[in-house]
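With chain V held as given, fit chain F onto it using these hints.
Residues per chain, in single letters:
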Amino acid sequence: MTLLVEVFLGLALWLVLAALRRLPGTANRLVAIDVLSACALGACVVAAARTGQTAFLDVALGFALIAFVATVCWAHALGAGTPDEEAP
Amino acid sequence: MTALGWALMIVGAALLTVAALGLHRLPDALSRQHAATKAATLALGLMLAGLAVLQPDSAWWIRIGALVVLLAATVPIASHALARAAASRPDTSKPD
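Protein chains in written order, with this note's numbering: chain V, 646 to 733; chain F, 179 to 274.
Chain V on its own, in the form it takes in the complex:
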């Protein structure tokens, strides 16, 4: 019964990867990658619950920080516009 967590996580991962392949445009892929990092955080939580090691939560903390900085940087780069529109 508790295997349902892994089943749902795998289903979410498959859906996100299918969206990453199917959807057009950079903004859509950025949203998909954001959900992908949420899936990775969920996998960290499940690993911590399965093994009983708190180290997986430390990994999740670091990964959450890195995913946040990466998302904000990419979104800012996207919002700044394409380089051929305006010269710096």
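Don't read these hints as lab results, they were simulated from the structure.
There could be a bad hint or two in this list.
Stated by the list, open to error - Reference excerpt, derived from the structure (chain V facing chain F, CB under 8 Å, subset only):
{"hint": "1", "residue": "L675"}
{"hint": "2", "residue": "A677"}
{"hint": "3", "residue": "A683"}
{"hint": "4", "residue": "G707"}
{"hint": "5", "residue": "A720"}
{"hint": "6", "residue": "G724"}
Just so it is clear, CB atoms sit at the ideal spot from N, CA and C, and this is done for glycine as well.
Relative to chain V, chain F alone:
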């Protein structure tokens, strides 16, 4: 108590699946961002709450609390930046 913890984790994982499904069902990047980030935040919160029920120890609760505070502080900022990026470049092409 163990059943409650695993039930919370299962509901959280199912909600993450719903967030991933929203990427397919919604029409454009702005509404996809709207569905995905909010649902993923609640899903991670539910999974962490289930973990806190499963592991009755203060060493876990400190880390879980730090993670929840970090997620609650960073995910709205990231989703706001994503929404600005999605609104600033409307996608003209359609999914197949």
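Status of each hint after checking the structure:
1. L675: Constraint on V:L675 satisfied, holds at 6 Å.
2. A677: This hint holds: V:A677 lies near chain F, its Cβ roughly 6 Å from the closest one there, short of 8 Å.
3. A683: With a closest approach of 4 Å, the V:A683 hint holds.
4. G707: Violated - the Cβ of V:G707 stays beyond 8 Å from chain F, reaching only about 10 Å at its closest.
5. A720: Since chain F brings a Cβ to about 4 Å from V:A720, closer than 8 Å, the hint holds.
6. G724: Constraint on V:G724 satisfied, holds at 5 Å.
Consistency note: the structure conflicts with earlier hint 4 alone.
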